[in-house]
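Asks: Given next are the chains, with one letter for each unit.
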Amino acid sequence: MRGSFLKVVDMEKRIENLRNSTVSSLLSPGDFVDWTAIRSEISRQKEVIDALQHFVDGGDFSQEHLSAFLSEVPSSYPLLLSLLAFNASGTQIEKWGLPDTVPATSKQRERLAQNLVTIGFSNLFEENSNVFDQLRIAEVYKDSFKRRFRSGNQFERSIAGLVKRALSAVNEQTDQELRSAGPSILRHTSVSRFLDYVILQGERPIAGVATVFQQQSGGRQQRELSVTYPNLQSNLRELGISLVLIADGPGIQDTSKRALEALFEGVRFPMTIQQAEQGDLAEALLETQIEPETAPLESAAVDRIIMSTMEDRGEVHASDLPLGSREASLSLARFVETNRNLSIQMSSDASKLVWQDSDLVLQSKELDASFDPEKAIKIFSKAVDADITSIQLVDGDCEAVLSLERSAPFPNWLYIKAANQAYDSELSLQVTSKSMELAQDARFSILITPQGLESTELSEHRRLQTLRAVSIVVLSPSQLARASKSSAPRAFFVDELLRQADLSKVSPYVLSNATPSQMFFGRDQEAAATIATVATNSVALLGSRRIGKTSLLRRLRDDLNDANFSPFFGDCQTVRTWGDFAKLAKREWNVSIPNDFSPSHLADLALQLQKGSQDRVVILLDEIDQLLLWDMQHDENSVPEAFFRACRSLSQSGDAQFIFTGEREISKKIWDPQSPHWNFCRPIQLTQLPRKDALELLLSPLGGLGIDLPQRSDTADLAWQYTSGHPQLIQFLGDRLIRTLDIGRYNAAFTVEPSDVERVCSTFEYAEHYVTTYLGQANQLERAIAYRFGEGPLEKSDIRAMVKTDLDHSSEPDFETALRMLQLYGILEVDDSLFRLRAEWMPRALEYYGMTALPGSK
Amino acid sequence: MVFYQGPIPIGDESYVEREAVGNVSSELLSQRWVLLLGPRQHGKTTALIRIKRAISDAGVSCVYIDLQQQPPVDSYSGFVNWFSRRIAEQLGTTFEHSEGLDDLQTAVNQILPTGTSRIVVLVDEASNISRDDWRNSFFGQLRGLSSARAFAADTDASKRLTFLFAGTFRPETLIDAANSPFNVCEKIETIDLTIDEVRGLAATTLGEVQGVQDAADAIFAAVGGQPYLVQRLLGKAIGSENMLTAISQALDELKSGQTDHIANLFSRYLAESKLAELVSRLAADGQLANSPADPDYSFLCTGGIAKRNGTQIVFRNSIYEEVARTSPQFGNNNAAVGRAPVFPLPPTSFSKVNDVQLREIAVSAQQGAVASYNGGSNRLALAGYGCSIEAILIDYLSGKTEQERRTAGQHTGCNLNQWENYGDAASLRLVNLVKIANRLLGSNAQVPDALRDWRNLIHPSVATQNYMSDEALDPEVRVAAASHEIFLRDLPSGP
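Which chain is which? The protein sequence lines are A and B, in order. Position 726 (the first sequence) corresponds to 878 in this note's numbering; numbering is contiguous. Position 268 (the second sequence) corresponds to 276 in this note's numbering; numbering is contiguous.
None of these hints come from the bench; they were simulated from the model. Treat the hints with care, since some could be wrong.
SDA-like mimics (lysine to any residue), calculated; alpha carbons at most 20 Å apart, straight line [said to hold, decoys possible]:
1) B:Lys167 - A:Arg707
2) B:Lys315 - A:Asn665
3) B:Lys167 - A:Asn665
4) B:Lys167 - A:Glu917
5) B:Lys315 - A:Arg709
Beta-carbon label-pair distances, calculated as ranges [said to hold, decoys possible]:
6) A:Asp710 - B:Ser83: 50 to 58 Å
7) A:Pro965 - B:Glu285: 23 to 31 Å
8) A:Leu581 - B:Gly14: 26 to 34 Å
C-beta: ideal position from N, C-alpha, C; glycine also.
So here's chain A without its partners, still in its complex pose (with noise of 0.2 Å):
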């Protein structure tokens, strides 16, 4: 395994070596415009965008027009920011007096609309303006800037790649195996920032790979050679780490000799990927593996002579320091720099260091010496920031609960116990029982004991922490000590929580409930779209089960609070009656009901729900099939579906207006043309998430939690294909990927990789997680076409023939039917009269139960 670079000590040679070795392009064609997006983006918004084309045909440019057609039509208005342009920043908006959503008052809708008519977009149209042609120019412009991200995710994907293999190379010649982790594992930003990936030899860090890929050369490029790379050498090896520099591209060739020789003195590894490919990456770590980075002597001492001195005295003086004043100031910032993660201050003059909280510091110090239960909860709330809401000593102990501000994996109130004695199961059940009590909310504890925990403890106390109501972190007073010392203590807290915790009870992921407001992600459009139609018009929220309409319902009870409408939640889960739904209103809405409520009495409780209130009233019925069946089923003085005929009534004369939630029969009554009800709401379908929110759904808790993503556009990637975006599957990964993380990694910094994500979803249980989620509720038909449906994309008379056997049973309206549900379900999608399946994993997914789907026709 001898590389091309090692070998060659002549630097004039290997500097020709690596100009000779680098690549000018790791571009596909796809990186450059991304159609398929495009495509879909714009087949997603086919309805909105028909709806659009017909205003501008009409034609009518006027403020009271686009005022009323945006109230109308609200998802129309990002449309039109695309269109202008406007859509690439948020201040940009913000600048211009644009709201991010069209406004819920009609006052805020028409100053909108004097705003648009003001930039002049009438301009936008001419006569004959094709829609359609303008929003793709629009999404091709709006694509531009994801272009930097998708060719650095290539070239990040063929750095992965290389380092993988690398390993696997070295680990076959040496015993002690080497691995990779995230740089985030160094807990020191000023070097870790600039790194893709720390190997490490057991718990040892050894090695940092950093990459770089310059297309030009230029000041600023030379400069990172010459400069950036050879300090972050430098700084790295203060930690005995050696960096190898992965530097590609044309500007790389283009580089001046001076640079690169700069660069070859200062950087231990630096190679092209061809080179790294070839077998100099693995060549490079097997050696700093042989030969470890070591510090400069001298400057390792000066280091631990700062150390010693703030760890005995709090503060360290450049006189203090066996140094002339210039070396001793600049050692000190140099302290400073390679030791971000403490929090440490510099004088202005640079001749001296103290620590940021001097007091917390010195308090944790003599808890260190003695133990004081009073002191130790004191010291760990300033450390966290949290208010002591109530403290008390008991038995010499003491105990409190804090306030905190709430940030996962952090609640609002957290139980905290200082105890004087050994931790054990006693303590443990005392603690957990006081947290119920005091801290409901809480999935964690914290215990604080003259002696902590040990290390040898650790693997026991994480089992029963699977047996305990609670988890309860153990600290020890030199924990606290090196947390008031640290730069992000609550982040060594949280590295504490995941080493101790049972992961199960961390995990913020909601998989089986409405979703609270601190892990609800997107939804802003259909929000906005609800609130804008309530003024005039009724909506029925549409979507299959665990899509997320509750949570959505009952966020927009807020913001229908804040938008100075009066508004009424109803669980409709458990009304299957008239008089259900009757019992509900009283116990829910405090009205009173005749007891033989019928339809007719509807009239009577809106009346009653607005007494008092200027605020317009608004219903909202949660998961509504159940009354509609009953309701379809029964008759009042034989007027067919009285209630919802009933419901209808108060939306037209503006008594009251209805938000329903419901599936597949609040759907078929709305889709249907035959039904008296299919124009009475406007119904919102309520699909997969958008990419962005999707992601952030499931990257946002982890990184709360302090869990590092070196693949980040990897991991990304492989979670929106595994899940397509439906909210309960990427909470699923979310959780699964908590619950396995791998605690054995160094020094307690958690990472999630790609193959992570890869070892959560293949797997029977994650498929059939995955189709019983998309298809538990479809029926034979439907189930038959989600079966066979493979890449595509097809037309529907495709579909009809390939489940012609299936059909036999069925008529063309189920057919038709089933192919709306099917994209209510966000199995499929249609664009241009093509199916294709938008819940791409499918065909994967069913490969579990021996089934494969047919190729696509087209």
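Since chain A is already given, all that's left is putting chain B on it; use the hints.
Replies: Chain B alone, transformed into the frame defined by chain A:
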């Protein structure tokens, strides 16, 4: 000691630590609702006892309610009162009976201790609410509790209660999906013992004597890790002179289908024609391609008869496979050596019979037939099957109009005697019932040709006309069992 009649007590050495106990406890302690599914006699209640202890040891109150133990009540309110009282009794709080109390959320809010303490409620045999409307209300209201969790006050029951539902049932058929609490549960299924666990259990119960490992291996080869069957077979081996012989004899008993375990298992699948059809296909082909998101296929595994093997579904163990293959009710047409396993159908299989009395006659005659066959009396068994089908026929024809019966009778040349008339189906002799029914049923279903012969065997004088010994009638019983099954399956619902 082995336990195969009820849960294994805490502390007993024959208990094998099950992963499900830790997993379920952990989920419940994390306040996630759990659906614990598994076959009958698969250790669920044994696990629940340990889960209850684990929850209590963690400082969380835990109550256990077995829905099989509900007393007869005449209203849903009565059921809610009973359920709430059971919780209150175990929590040590007071509960006052209230006639109009039909809202579970209101009820449980009244009985929880003041404060915010958490409570876990283990609901065993969760499918055991027979009335559809009560079941819908009960589970719908539980789902309502679950939905309110995210936004409720800390003192509210929805925030404090965590539920587990255990049993052998099909969640999707128990209640509509939209208001099912099972959709918001973490689903955990019980699993079989491993070979090592069976060997360990054998060593514990049989002692370290020679041949223990062979005994354990023989048991595992026959019943896999089905915990009840393993314990049962180990129980037979204890104290026997030759363990392998004792196990072999016990296996023969199982294969005959005459144990409650086997009878209950197979009767459950016979109760639903789609499931019976799938088991028949499995018996014929040895494996079945799995079908995604199809609850019938899922229940093959959850109900216990089968397991997933890669992309296929196969029998859970060789005993089940042999029983299914030899039972005429699952399509076995071959004359088996020895008696074929035959199973009684549950009353729910007779739901197409509308008249209450005729339904009871049909059910009991069929059950009598199975009992007679298993007791060695073939002639009585045939008479029982014949009687059952005759009762079904009378009910079917009673649902037709007199004109329909008359037209069918005239087309098929029925000769009615002086006591018969088309106005009363019950007055018709069996010969005419069969002719009229076959005419009306057409290709949908056909009355077995030999029905009259079977039914008439109850008369000694008729039985002697073409005499066959009781022993020689064994093949006829198998045919009768299969024909009865098919006829009931194909009979149209409703008049």
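Asks: Measure nothing beyond the straight line between the CA atoms of Lys167 of chain B and Arg707 of chain A; if it is 20 Å or shorter, mark the hint as holding.
Replies: holds (19 Å)
Asks: Would you check the hint for Lys167 of chain B and Asn665 of chain A, treating anything up to 20 Å between C-alpha atoms as holding?
Replies: Measuring from Cα to Cα gives roughly 12 Å; hence the hint holds.
Asks: CB of Leu581 of chain A to CB of Gly14 of chain B, is that within 26 to 34 Å?
Replies: Check passed, 31 Å falls within 26 to 34 Å.
Asks: Do Pro965 of chain A and Glu285 of chain B keep their Cβ atoms within the hinted range of 23 to 31 Å?
Replies: holds (29 Å)
Asks: Given the hinted pair Lys315 of chain B and Asn665 of chain A, is their alpha-carbon gap at most 20 Å?
Replies: Violated. Lys315 of chain B to Asn665 of chain A sits at ~30 Å, over the 20 Å cutoff.
Asks: Sort out whether Arg709 of chain A lies within 20 Å of Lys315 of chain B, counting only the CA atoms.
Replies: Answer violated: Lys315 of chain B to Arg709 of chain A is near 46 Å, above 20 Å.
Asks: When you take the CB atoms of Asp710 of chain A and Ser83 of chain B, is the distance between them in 50 to 58 Å?
Replies: violated (39 Å)
Asks: Given the hint that Lys167 of chain B pairs with Glu917 of chain A, test it: the Cα-Cα distance must not exceed 20 Å.
Replies: violated (29 Å)
Comparing the model with each numbered hint stated earlier shows that hints 2, 4, 5 and 6 do not hold.
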